[in-house]
Amino acid sequence: MRITKFLHSCLLVEQDGVRLLLDPGRFSFVEGRVRPDDFGRLDAVALTHHHPDHADPTALAEIVRRTGAPLLGNQETAEVLRGAGLDVAVLAPGEHRIGALRLDAVPADHEPVLDDSTPRNTAYLVDGRLLHCGDSLHPGLLAYRGVRVAAVPVMAPFLTERAVAGFVAQLQPGGVLPVHDGFARDFFLRQRYDTYRRYVERLGITFHELAEPGASLTL
Numbered sequence: 663m664r665i666t667k668f669l670h671s672c673l674l675v676e677q678d679g680v681r682l683l684l685d686p687g688r689f690s691f692v693e694g695r696v697r698p699d700d701f702g703r704l705d706a707v708a709l710t711h712h713h714p715d716h717a718d719p720t721a722l723a724e725i726v727r728r729t730g731a732p733l734l735g736n737q738e739t740a741e742v743l744r745g746a747g748l749d750v751a752v753l754a755p756g757e758h759r760i761g762a763l764r765l766d767a768v769p770a771d772h773e774p775v776l777d778d779s780t781p782r783n784t785a786y787l788v789d790g791r792l793l794h795c796g797d798s799l800h801p802g803l804l805a806y807r808g809v810r811v812a813a814v815p816v817m818a819p820f821l822t823e824r825a826v827a828g829f830v831a832q833l834q835p836g837g838v839l840p841v842h843d844g845f846a847r848d849f850f851l852r853q854r855y856d857t858y859r860r861y862v863e864r865l866g867i868t869f870h871e872l873a874e875p876g877a878s879l880t881l
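The sequence shown begins at 663 in the numbering used here and counts up by one.
Mixed in with the good hints there might be a few duds.
To be verified - Cβ-Cβ distance ranges computed for the label pairs, FRET-style:
hint : residue 1 : residue 2 : range
1    : Arg860    : Thr720    : 20 to 26 Å
2    : Gly702    : Glu741    : 27 to 33 Å
3    : Phe845    : Ser779    : 18 to 24 Å
Don't read these hints as lab results, they were simulated from the structure.
As the structure is a prediction and not an experimental result, all values here were calculated from the model.
C-beta atoms are modelled at their ideal positions from N, C-alpha and C, and glycine is treated no differently.
The whole structure should be built from the sequences, with the hints applied where relevant.
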């Protein structure tokens, strides 16, 4: 499995000829460092929730136009994006297949935000090896303790570093891939990565920073 990060929470997963894109949101594209045509052929695009930093309607429309890839998400995501003219196939919780690739949709509450409502978040377990948490540190995700790599949000108005560290300590993945950090300036991002790396490596966990757009790791 090859995992490539395109800023913020946007990951491209390649496995057995299947190419799955996760959470192409606005913060990946806003500075022009990533473009919707950078992903090449796609078999599907899975969205954890409808917030624009995870599901940019303009970029999604361009990606669908170029690739014909279906958009996948939960019921609320489908309803919100329908208003932007996008068709999202609803994934029920549980196991799904994209060609040879297994994709498990896992309901996981979005962390509380300063709003009247909190979006419905779906985490994804890809091929049993990559857990993309979306914007969640929900205890239900601890069912996947020991997963090879966890894509964990590390910076947000709704997070503290102690909350993130505590979640990682309980989840005990083989590696942490930090996400939800596309709004940070490079100098601050390096400082945050250094702090998190020291902590997770003391737990015997690998820290995969993938700071530059298009950086990747192979499992």
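Checked hints:
1. Arg860 <-> Thr720: 20 to 26 Å: At 38 Å between Cβs, range violated.
2. Gly702 <-> Glu741: 27 to 33 Å: holds, 30 Å
3. Phe845 <-> Ser779: 18 to 24 Å: Hint holds: Cβ distance 22 Å, inside 18 to 24 Å.
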